[in-house]
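For reference, the chains in residue letters:
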Amino acid sequence: MRQQTFYDVIREQGIPRRDFLKFCALTAIAMGLGPGGDEAVAKALETKPRLPVLWLHGLECTCCSESFIRAAHPLAKDIVLSMISLDYDDTLMAAAGHQAEAILDEIVTNYKGNYILAVEGNAPLADDGMACIVGGRPFADQMIEVARHAKAVIGWGTCAAFGCVQAAKPNPTKATPISKLIRDVPVVNVPGCPPIADVMAGVLTYIITFDRLPDLDRQLRPKMFYGQRVHDKCYRRAHFDAGQFVESWDDDGARLGWCLYKLGCRGPTTYNACTTIGWNDGVSSPIRSGHGCIGCSEDGFWDRGPFYDRVVDMKQFGVESTADTIGLGAAAGLGAAMAAHAGATVVKRMLDGGKNKGNEDGEG
Amino acid sequence: MAKVKTPNGFQLDDGGRRIVVDPVTRIEGHLRIEVNVDERNVVTNAVSSGTMWRGLENILQGRDPRDAWAFVQRICGVCTGVHALASVRAVEDSLGIQIPRNANLIRNILHLTLYVHDHLVHFYHLHALDWVDVVSALHADPKATSTLAQSISPWPLASEGYFRDLQTRLRKFVESGQLGLFKNGYWGHPAYRLPPEANLMAVAHYLEALDFQKEIVKIQAVFGGKNPHPMWLVGGVPSAINMHSAGAVGAVSMERINLVREIAQRALTFTEQVYIPDLLAIASFYKDWAGIGGGLAGRNLMSYGEFPRFSGDDSNDSLMLPRGAILDGDLTRLHDVDLRDPDQIREYVPHSWYRYPDEGKGLHPWEGITEYDFQLGPRTKGDKKHIKELDEGAKYSFIKAPRWKGHAMEVGPLARFVVAYAAGRQDVKELVDSTLRTLDLPVGALFSTLGRTAARGLEGLWAARKLVTAVDDLVANIKAGDQDTANAEKWAPETWPKSSKGVGYCEAPRGALGHWVRIEDGRIANYQCVVPTTWNGSPRDGQGNIAAFEASLLDTPVVDPAQPLEVLRTIHSFDPCLACATHVIGPDGEERSTVKVM
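As you go down the protein sequences, you meet chains P and F in turn. Our numbering numbers the first residue of the first sequence as 1 and each following residue consecutively. Our numbering numbers the first residue of the second sequence as 1 and each following residue consecutively.
Some hints could be false.
As the list claims (entries may be wrong) - Keeping only pairs whose Cα atoms sit at most 16 Å apart, straight-line, the calculated EDC-like set for lysine to aspartate or glutamate is:
| # | chain 1 | residue 1 | chain 2 | residue 2 |
| --- | --- | --- | --- | --- |
| 1 | F | Lys-490 | P | Glu-247 |
| 2 | F | Lys-384 | P | Glu-247 |
| 3 | P | Lys-77 | F | Glu-208 |
| 4 | P | Lys-112 | P | Asp-184 |
| 5 | P | Lys-77 | F | Glu-215 |
| 6 | P | Lys-169 | P | Asp-303 |
| 7 | F | Lys-385 | P | Asp-128 |
| 8 | F | Lys-385 | P | Glu-145 |
| 9 | F | Lys-490 | P | Asp-251 |
Think of the hints as simulated: they come from the structure by calculation, not from any bench. Predicted model, so just to flag it, every value in this text is computed and none were measured.
All chains should be modelled from the sequences, with the hints used to inform the complete structure.
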């Protein structure tokens, strides 16, 4: 039997081709594709069978799964019914026990080299991995076995990418990022606690559409979504540049939506799309709600607290200016901030150049 | 063991065939269930084992208590926010911080939003497939499905064409051979009893609910910036209010309130017109499940109470859902519950993978100890690399065994509603009584698998109604001239006492949750949580008392031991959350020298 494509399925639902193409255009925009991107999306969805995805859970809190089902474009429903074949996911799958475990064996055998392993959470290594047991076996063993024949591995969330909260000091279970345990198969890290739903959807649809992995930075994050700081495109940025800061909770500055830097905002040191794509279908973002960014997509962010202490030296900007000196005068502050940006951009380009760990060709 | 009677009155017999369900799916986290069945395939012994541990206790040691909410929020991303709420309450209690009225109202809105969302997602996406046969929906008549849907609800998506299109999509999906999430389900199992039309309707609503749930949580995004894991604040909420002045677009403004109000109304409509009619329709085909899965429910139930009308007031005059405990099924007597009393809540570990200096004694959370001690008992089948059967005579779970005055207690929506019922709360009483009348069932039917699932749905409706009025209350308070959302008087650690301790209560969607904190010199000296699934999913205590999961499975008839659908039904009726149950945030700060690092 010919396997159904995404396009087959939605046509059978009576969705007109016009709407399908509109969807492709929106998806292309969401992924930051240039001219012709919509056609590439359309072609991929019209011709490819659904890619099996096995979604394993290690030490985690399931916030990544919850975030994934918040996806708005495309809808999580359409992703799992029409774009991928989510054959294993502890949180949502119908099967349990040995019927569930049988699925892993079947997909690994029948789709060798042609399925995606998605890992939510990570594996503890202390005490032979006994702090996370699935099906009576250490999770680390299960994950490594399933990874072996995967086309690629997606590490959902900061747990999989960097260890997250259970790996904060002193990391009692020796929770370990998946890229340190999975060898010979490309790993894509999609950090965030959780990652933004539409970023998760964007990464999956990119892989399906282009049949390649996205370009990754040194920390194996897709550049398309993690290439800029939260601060770079923050809607409160103008207040930073103008030296207008919230000094205390619920003060006049808070009610005017001024910059949260002095209350510890990690936007200047956090690479994520929260202030651009936004959360929950673009409704808000932590900064928009009045709380600073805690840097939840950054490696080791739990150990960079307290969260309400300001980032004192914005080294990542490559400049000496702090909010206080910027606050001395709007014009001078703006100049310093601009210099900061220019410097940071050049530094970043130098750092990125030729240093990406593998995956440059993007073929899984 | 063979045959024993537990001190809390349950008959156990491990003589028969052992069935293992691991992983238990459609829950949060990692849970293993083992049961023994007799020659008639009736469950005679049950073993509940939490199989993950993250050890957050050492991690919180020495950190800033104002940061604690963010750490503990990551205990669970499904009931997101409950640990953050319990945490800010614990820290505020410890430091003597009073939050503004608006902050209390907004926290109630955030928490009610979670109830509405979490109960809906549990019913459709974690529990429904225990009752709904997806494949059977292919045989439904779309016209009859339309008639059925319109007979139970005014919900507009109910035309013949709508169900026909959906069925076509489902058929193509199944025929593609790639069943995805529905792969290897127990389809065709004789315990599935819905007619094809009811199955088709339920599958349609499974998908609609999947689309709609993401709308509900936008309310949390407004006040907390994101969901899952919105932002919280010790002393109030981070979202400032600016209703009248320049810059209002940078804060909670009329536009934000309108967004919240509109979503709250839609959530109420969806709950009234989809969730509740489906719940009643499905329940009417499974009335025998009102006599299965009771366990502890008809005996010991407990609620810490939730939704304070007045900020900082957790008395039953303030709480919209009251605090209290019921013992031995006596609904005429509501016992006081005090989280501070060292003799009330205690945790035991003789059957948990932790070590106490004296395991004969339980410890109150302020004095608790959490020391990893994984070991398999002598009757274990298999080994660390592959555990085939656990030995419940020894240590067998990462969940501790909390007890209230020595009693194993069931917690959750059913417990909350029964406590409220016993306390004479009319809003709850009316919901419960009218539902029992509709289904033509006696009050005793509540204490069952079906009762738990029904109580959760009714509570979803209760919460959706309260959500709408909570938004009105917030507007009324702002209209009265109050725009305060945070109290920063004691924000600076210099203003804190040298040493303090506090308790944060919360009723999470899954049940009673408590956080206990000690603060010394501006830093966390210890932190301990006792969470709903610790109560419900706990292993045996030193006396051999069994807890809710294990008790509820006893006497359950299993049609086909190779496809233990009935076990899943009852376990899912609790909505287990294992990352919560086994987070274990302890107190002592001792290095975990027993953990061997590879």
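We went through each hint and held it up to the structure:
{"no.": "1", "hint": "Lys-490(F) - Glu-247(P)", "verdict": "15 Å, holds"}
{"no.": "2", "hint": "Lys-384(F) - Glu-247(P)", "verdict": "54 Å, violated"}
{"no.": "3", "hint": "Lys-77(P) - Glu-208(F)", "verdict": "9 Å, holds"}
{"no.": "4", "hint": "Lys-112(P) - Asp-184(P)", "verdict": "14 Å, holds"}
{"no.": "5", "hint": "Lys-77(P) - Glu-215(F)", "verdict": "14 Å, holds"}
{"no.": "6", "hint": "Lys-169(P) - Asp-303(P)", "verdict": "7 Å, holds"}
{"no.": "7", "hint": "Lys-385(F) - Asp-128(P)", "verdict": "9 Å, holds"}
{"no.": "8", "hint": "Lys-385(F) - Glu-145(P)", "verdict": "14 Å, holds"}
{"no.": "9", "hint": "Lys-490(F) - Asp-251(P)", "verdict": "15 Å, holds"}
Taken one by one, the earlier hints fail for this structure only at number 2.
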